[in-house]
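Colleague: Sequence:
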Amino acid sequence: MPAVAGLCFPVSVTSAETGLSGGRAVTIHDVAARAGVAASTVSRALNNPGRVNAVTRERVQKIAAELNYVPSSQARALSSGKTKTVALLVPDITNPFYFDLIRGTQHQLKAAGYTQVLLDTEESADQESGSLDQLQKTCDGVVLTASRLTDEQIVTASRSRPLVTINRNVHGVPSVLIDSPQAIGQAVDHLVSLGHRRICYISGPPNSFSNRWRWRALNEAIRARYRSGVARDVEAVRVGPFSPKTTSGAAAADAVVNSGATACIAYNDLLAIGMLRRFRDRGIAVPDEISIIGCDDIFGSDFCDPPLTTMTAPIEQAGRAAITMLLGLLNPLIPGLPGGDRLTGTVPQPRQKIGQRRVMLPTHLTIRSTTGPAPVSETPVSETPVSETPVSETPVSETPVSESPVPHAPESEPTTAVSTADSPIPESEQPASNELNTSMEGPAQ
Numbered sequence: 031m032p033a034v035a036g037l038c039f040p041v042s043v044t045s046a047e048t049g050l051s052g053g054r055a056v057t058i059h060d061v062a063a064r065a066g067v068a069a070s071t072v073s074r075a076l077n078n079p080g081r082v083n084a085v086t087r088e089r090v091q092k093i094a095a096e097l098n099y100v101p102s103s104q105a106r107a108l109s110s111g112k113t114k115t116v117a118l119l120v121p122d123i124t125n126p127f128y129f130d131l132i133r134g135t136q137h138q139l140k141a142a143g144y145t146q147v148l149l150d151t152e153e154s155a156d157q158e159s160g161s162l163d164q165l166q167k168t169c170d171g172v173v174l175t176a177s178r179l180t181d182e183q184i185v186t187a188s189r190s191r192p193l194v195t196i197n198r199n200v201h202g203v204p205s206v207l208i209d210s211p212q213a214i215g216q217a218v219d220h221l222v223s224l225g226h227r228r229i230c231y232i233s234g235p236p237n238s239f240s241n242r243w244r245w246r247a248l249n250e251a252i253r254a255r256y257r258s259g260v261a262r263d264v265e266a267v268r269v270g271p272f273s274p275k276t277t278s279g280a281a282a283a284d285a286v287v288n289s290g291a292t293a294c295i296a297y298n299d300l301l302a303i304g305m306l307r308r309f310r311d312r313g314i315a316v317p318d319e320i321s322i323i324g325c326d327d328i329f330g331s332d333f334c335d336p337p338l339t340t341m342t343a344p345i346e347q348a349g350r351a352a353i354t355m356l357l358g359l360l361n362p363l364i365p366g367l368p369g370g371d372r373l374t375g376t377v378p379q380p381r382q383k384i385g386q387r388r389v390m391l392p393t394h395l396t397i398r399s400t401t402g403p404a405p406v407s408e409t410p411v412s413e414t415p416v417s418e419t420p421v422s423e424t425p426v427s428e429t430p431v432s433e434s435p436v437p438h439a440p441e442s443e444p445t446t447a448v449s450t451a452d453s454p455i456p457e458s459e460q461p462a463s464n465e466l467n468t469s470m471e472g473p474a475q
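Take 31 as the starting number for the sequence shown in the working numbering and just add one per residue.
FYI, nobody ran anything at the bench for these hints, they're computed from the structure. Just so you know, even glycine gets a beta-carbon here, dropped at the ideal spot from N, CA and C. Hints should not be assumed to be uniformly reliable.
Straight-line distance between alpha carbons at most 25 Å, and here's what the computed DMTMM-like set of lysine to aspartate or glutamate pairs gives [stated by the list, open to error]:
1) Lys275 with Glu346
2) Lys275 with Asp156
3) Lys275 with Glu152
4) Lys114 with Asp130
5) Lys114 with Asp150
6) Lys112 with Asp163
7) Lys275 with Glu319
8) Lys114 with Asp163
9) Lys275 with Asp122
10) Lys112 with Asp150
11) Lys167 with Glu153
12) Lys275 with Asp209
13) Lys275 with Asp332
14) Lys140 with Glu346
15) Lys275 with Asp130
16) Lys140 with Asp130
17) Lys167 with Asp181
18) Lys167 with Glu152
19) Lys140 with Asp122
20) Lys112 with Glu88
21) Lys275 with Asp150
22) Lys140 with Asp150
23) Lys275 with Glu153
24) Lys167 with Asp150
25) Lys114 with Glu346
26) Lys167 with Asp156
27) Lys275 with Asp335
28) Lys167 with Glu182
29) Lys275 with Asp311
Distance windows between CB atoms, simulated [unchecked claim]:
30) Asp163 with Ala315: 46 to 56 Å
31) Ser399 with Thr186: 40 to 50 Å
32) Gly330 with Thr86: 54 to 64 Å
33) Asp311 with Lys112: 52 to 62 Å
34) Lys167 with Val100: 14 to 24 Å
35) Asp263 with Arg307: 29 to 39 Å
36) Phe329 with Thr86: 51 to 61 Å
Take these sequences, add in the hints, and give me the full structure.
Modeller: In structure tokens, the structure reads:
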């Protein structure tokens, strides 16, 4: 059973002032009896006032107030077909990345008169799918964040209710994407300017859309700088995959040491923070011996020792944008928002313009204290013996995945040894511009 937070179902209340015996809860039938009308008339007077004449409506509303009657959300849903609730599904509620996102969605929903239902799917596709089934009749719409479902499952879910994704691009489904490649390009420029020539990418979940997108962006950024002549001797290597948690940082740090890189870009800030701890334990100075860049700029990344250089994402804005898109689906009469016909139960068709169905939010590099000039020797950091490596956080294969240097193949994709669980983005689905336009089988983070 998924964890649920923020779910609110107003119900009829009990009051000694109602005049009802036994202190029982007031029901719609009590209001109807006192007003001398049918229960259906009470429902219309409270939920659809325009369908009842003014005299009857005022009498019913006055009596309902005297009895302290509050219509239940379940009953209102049966009569109106709407619950005024929206579900937000996240894969890991303990990840600080989602704190601002949850705040953004909640504020936007509150302003529109909706209640937010928050579910932690615990990184499980099965739990996510089960939660969607349970929410079928209890929520008006759904926001999937870093969904672990397949494209087909997401498309199927979008056909039964209004749905928007965050950090997941599925053809025909409205989405909000955080443009990590933009900040990765800035990160490459920053590291190259400091003299780094071997950059290691610390890979996150192998089935993550964002993970693969960032790795590809790193290779493309290095290749672009080779072609422009800015840097012709830079190469990228990759280690992992690792769970996106601080506890995975120790194994990730050890893998980076073995890779011979002088700088690294972590899948997210949690991994980077865990790596900082490991480097400190091993006596490896950051940034004197190795530089680290995180991703997301979560709360606490500036409190690290040293403060973490990271790629800043507009996380709360992503949540607000997703709700704005979802409200457009729920309320098609709102100008300028993509919507379907809620009277017939249909949702917008894929033929709508891309700009109406996808929002791309910019990112930027925030430079703090974990990046500095490359070691003069450009040799691997000291191979201090590893005394302990948490077994529970060790990836299936700890052997670093090494790619051929980008300069050896400037006009084509680098020769890459990719884990069987980490399939590359098909060439046929590559973006034609800065906006990604591809459908991925794997989930996002």
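Colleague: Each hint should be assessed against the structure and marked as holding or not.
Modeller: For each hint, the structure was consulted:
For the hint pairing Lys275 with Glu346, the CA-to-CA distance comes to about 21 Å; that is within 25 Å, so the pair holds. Annotation: proposed proximity of Lys275 to Asp156 holds, straight-line Cα distance about 21 Å (limit 25 Å). About 13 Å separates the Cα atoms of Lys275 and Glu152, which keeps this hinted pair within 25 Å; it holds. Pair hint Lys114 plus Asp130 holds up; C-alpha atoms about 22 Å apart against a cutoff of 25 Å.
For the hint pairing Lys114 with Asp150, the CA-to-CA distance comes to about 20 Å; that is within 25 Å, so the pair holds. With a CA separation close to 17 Å, the supplied pair Lys112 and Asp163 stays within the 25 Å bound. Distance check on the hinted pair: Lys275 and Glu319 sit about 23 Å apart at the alpha-carbon level, within 25 Å; holds. A C-alpha spacing of about 18 Å is found between Lys114 and Asp163, which places the hinted pair at or below 25 Å, so the restraint holds.
Note on Lys275 and Asp122: the hinted pairing holds, with a Cα-Cα distance of about 10 Å set against a maximum of 25 Å. Between Lys112 and Asp150, the direct Cα distance comes to roughly 23 Å. Compliance with the 25 Å bound is thereby established for this hinted pair. Pair hint Lys167 plus Glu153 holds up; C-alpha atoms about 24 Å apart against a cutoff of 25 Å. For the hint linking Lys275 to Asp209, the alpha-carbon distance of about 22 Å falls within 25 Å, and the restraint holds.
In summary, the hint linking Lys275 to Asp332 is supported, as the alpha carbons are separated by about 17 Å, within the 25 Å threshold. The straight-line distance between the Cα atoms of Lys140 and Glu346 is roughly 15 Å, inside the 25 Å bound, and the hint therefore holds. For a cut-off of 25 Å, the pair hint linking Lys275 to Asp130 stands: about 18 Å separates their Cα positions. With a C-alpha separation of about 15 Å, the suggested pair Lys140 and Asp130 falls inside the 25 Å cut-off, and the hint holds.
The suggested pairing of Lys167 with Asp181 holds, with an alpha-carbon distance near 22 Å, which does not exceed 25 Å. For a cut-off of 25 Å, the pair hint linking Lys167 to Glu152 stands: about 22 Å separates their Cα positions. Among the hinted pairs, Lys140 with Asp122 is consistent with the structure: their alpha-carbon atoms are about 23 Å apart, no more than 25 Å. Taking the CA atoms of Lys112 and Glu88, the gap is about 24 Å. The hint holds against a cut of 25 Å.
Note on Lys275 and Asp150: the hinted pairing holds, with a Cα-Cα distance of about 16 Å set against a maximum of 25 Å. Taken as a hint, the Lys140 and Asp150 pair is honoured in the structure, with Cα atoms around 20 Å apart against an allowance of 25 Å. Restraint check for Lys275 and Glu153: the C-alpha separation of about 12 Å stays at or below 25 Å, so the hint holds. Restraint check for Lys167 and Asp150: the C-alpha separation of about 19 Å stays at or below 25 Å, so the hint holds.
Using a Cα cut-off of 25 Å, the hinted pair Lys114 and Glu346 holds, with the two alpha carbons roughly 22 Å apart. For the suggested pair Lys167 and Asp156, the alpha carbons sit about 19 Å apart, so the restraint of at most 25 Å is met. At most 25 Å may separate the alpha-carbon atoms for a hinted pair to count; Lys275 and Asp335 meet this at roughly 18 Å. The hinted pair formed by Lys167 and Glu182 meets the criterion: a straight-line CA distance of about 21 Å does not exceed 25 Å.
Of the supplied pair hints, the one linking Lys275 and Asp311 holds, its CA atoms being roughly 18 Å apart against a limit of 25 Å. Between Asp163 and Ala315 the beta carbon distance is about 52 Å. The supplied range of 46 to 56 Å therefore holds. About 47 Å separates the C-beta atoms of Ser399 and Thr186, a value consistent with the hinted range of 40 to 50 Å. Roughly 58 Å separates the CB atoms of Gly330 and Thr86, a value that falls within the hinted 54 to 64 Å.
Remark: the range hint 52 to 62 Å for Asp311 to Lys112 is upheld by a beta-carbon distance near 55 Å. The hinted range of 14 to 24 Å is satisfied by Lys167 and Val100, whose Cβ atoms lie roughly 21 Å apart. With their beta carbons about 32 Å apart, Asp263 and Arg307 fall inside the hinted range of 29 to 39 Å. Hint check: Phe329 to Thr86, Cβ distance near 53 Å, so the stated range 51 to 61 Å holds.
The structure fails none of the hints (numbered hints given earlier).
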